[in-house]
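Protein chains in written order, with my numbering: chain W, 1 to 227; chain F, 1001 to 1238.
Think of the hints as simulated: they come from the structure by calculation, not from any bench. A quick note: this is a predicted structure, and the numbers were derived from the prediction, not measured. Please note that a few of the clues may not be correct.
[As the list claims (entries may be wrong)] Quick look at which bits of chain W chain F covers, simulated, 3 or more residues with Cβ under 8 Å: (1) 24 to 35; (2) 92 to 101.
[Unchecked claim] Only pairs whose alpha carbons sit at most 27 Å apart, straight line, appear in this in silico DSS-like list of lysine-lysine: (3) W:K222 <-> W:K18; (4) W:K161 <-> F:K1113; (5) F:K1229 <-> F:K1113; (6) W:K227 <-> F:K1236; (7) F:K1149 <-> W:K81; (8) W:K222 <-> F:K1016; (9) W:K161 <-> F:K1228; (10) F:K1228 <-> F:K1149; (11) F:K1171 <-> F:K1082; (12) W:K222 <-> F:K1082; (13) F:K1171 <-> W:K161; (14) W:K81 <-> W:K15; (15) W:K51 <-> W:K74; (16) F:K1016 <-> W:K161; (17) W:K74 <-> F:K1229; (18) F:K1149 <-> W:K227; (19) F:K1016 <-> F:K1228; (20) W:K161 <-> W:K74; (21) W:K51 <-> W:K190; (22) W:K81 <-> W:K222; (23) W:K6 <-> W:K222; (24) W:K227 <-> F:K1228; (25) W:K222 <-> F:K1228; (26) F:K1222 <-> F:K1236; (27) W:K190 <-> W:K74; (28) F:K1016 <-> F:K1082; (29) W:K190 <-> F:K1149; (30) F:K1229 <-> W:K227; (31) W:K227 <-> F:K1016.
Yeah, the Cβ is synthetic: ideal placement off N, Cα and C, and Gly gets one too.
For reference, the chains in residue letters:
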Amino acid sequence: MKINFKNILIALIEKEFKSYLRSINNFMNMIVFMIAIIILFPLTVGPSEEKLTLVSNAIVWIALIVSIIPTLDKIYISDFKNGWLEQYYYSPLLLEIIILIKCFVFWFFLIIPLTIFIPIFSILLNIPFLIIFWNIIIFAIGSLGFCLIGSICSSLTLGTKSNNLISPLLILPLAIPIFIFGNGVVEAVKSNYDPLPNLYLLITVCLILLIISPLISAYSIKIALTK
Amino acid sequence: MINYLANPNRFLNFIKPIEFSIGVFSFLFIFIGLYLSLFNSPEDYQQGDTVRIMYIHVPFAWFASFLYFSISIASIFFLIWKHPFADIIARSIAPLGLIFSILTILTGSLWGKPMWGTWWVWDARLTSMLILCIFYFAYIGISNAFPRKIDGSKPAAILAIVGMVNLPIIKFSVDWWNTLHQPASIIRFDGPSINQEMLLPLVIMLLGFLFMSIFIILINIKTNLIYKKYQSEILKLG
């Protein structure tokens, strides 16, 4: 096989996809966790319609975010343990580009399939169709930013004794702009305002992350490899 | 000057004579400032006696964000020139900053209960201060998370620089959004809008807090240096 950028790209995506297929358990865990949260909320808040409509959107969001966070900090850990990261580091391709590809694959194969569950859960919680539509769009965009933040955090915590404790602490403060602007879109839709300004801000945050995150992640992976 | 002091031994020799006087200064300033603010300053026309919480709340808040700024500056020094002393300084500042940010939130909520009627609101200023507190936790957590303590210093430095985004948000949150927290009244373009009689004790308290934080940071730096020497002695003994 000829070694050019396109072939390396295809091989990388194939490898990543296979590794996600082999660890399909993670994906199932996420779904089970999500369903558990969705069921627990109406039981703890109380089944009355008025209370639930106030928080129903938040419930879907919390279910999605909380189920994603445990997998977010494991983007690099298996590659780090079995030596793939060193190979990436010594490969002619820039580490930043490989990280970007890894994030995209992670986002596309692990996070985007979760959008199927948004309509199901939303119907369970009586969310109107217009908001479901916007929720899917926000989730698709915002989760990319979320993956990029996760890439920073998981590369910073490579080689720690217990990375489970620190990662949520690292992810949450960095992800707050995404929550704020995502919520802004939904609030605007609910009160019949134009949701586009908030959506543009959300896209801006994700684009900034798209530039910064590979640089920071590559730098911290280099640090982790030279220890 | 910085080059000269970057050596730990020279630094220790340099601070030895002035350290005690910094401690005395901080004690004096805080003592005088507390006396002035508690007994010798006017009541606020709206808030009455509760305004006196301001004289410790504002210094805590300012130094919580200022210490984070100095951690980030030390981290930038550490990442560019790779000088281990910058890392020791950053690590020594972090616990103090964490305590200051927690105390800011505590004194703020004690002030908020009589004035706003709640302990806490999800207001831009308060939330960004909480995030600063989380950043301190994350910094301390990640710098101690590795089996070898030295390994944690570079990731922690990166985190400190990333977290610097939060500082302008804290400063300008009261201008950008409508918040329950009052707008800036000391550092403004058109000069301080605070009463002169209130400004004097506040400035004295701020000076006292400055000396106090320098004093505590110096003690922390000395402790960390001694710990490092002890570790290298153990390595020598094998």
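Restraint status (C-alpha distance of W:K51 to W:K190 at most 27 Å) = 16 Å, holds
Does the stretch 92 to 101 of chain W contain three or more residues whose Cβ lies closer than 8 Å to a Cβ of chain F?
-> violated (count 0)
Take the C-alpha atoms of F:K1222 and F:K1236, compute the straight-line distance between them, and say whether it is at most 27 Å.
-> 21 Å, holds
Is it true that the CA of W:K222 sits at most 27 Å from the CA of F:K1082?
-> Holds. W:K222 to F:K1082 sits at ~15 Å (cutoff 27 Å).
Are F:K1016 and F:K1082 close enough, with their CA atoms no more than 27 Å apart?
-> Given that 27 Å is the threshold and the Cα spacing comes to 26 Å, the pair holds.
Measure nothing beyond the straight line between the CA atoms of F:K1016 and F:K1228; if it is 27 Å or shorter, mark the hint as holding.
-> Distance of about 19 Å is within 27 Å: holds.
Quickly compare the C-alpha distance for F:K1229 and F:K1113 to 27 Å and report which way the hint goes.
-> Violated, at roughly 48 Å.
Quickly compare the C-alpha distance for W:K6 and W:K222 to 27 Å and report which way the hint goes.
-> 25 Å, holds
Going straight from one Cα to the other, do W:K222 and F:K1016 come out at no more than 27 Å?
-> At roughly 39 Å apart (the allowed maximum being 27 Å), F:K1016 and W:K222 break the hint.
For the pair supplied as a hint, W:K51 and W:K74, confirm whether the alpha-carbon distance does not exceed 27 Å.
-> 36 Å, violated
Within a Cα-Cα threshold of 27 Å, do F:K1229 and W:K227 meet the stated pairing?
-> Roughly 21 Å between the alpha carbons, so the hint for F:K1229 and W:K227 holds.
Would you mind confirming whether the straight-line C-alpha gap from W:K74 to F:K1229 stays at or under 27 Å?
-> 36 Å, violated
Figure legend: structure checked against the earlier numbered hints; hints not met, in rising order: 1, 2, 4, 5, 8, 11, 13, 15, 16, 17, 27, 29 and 31.
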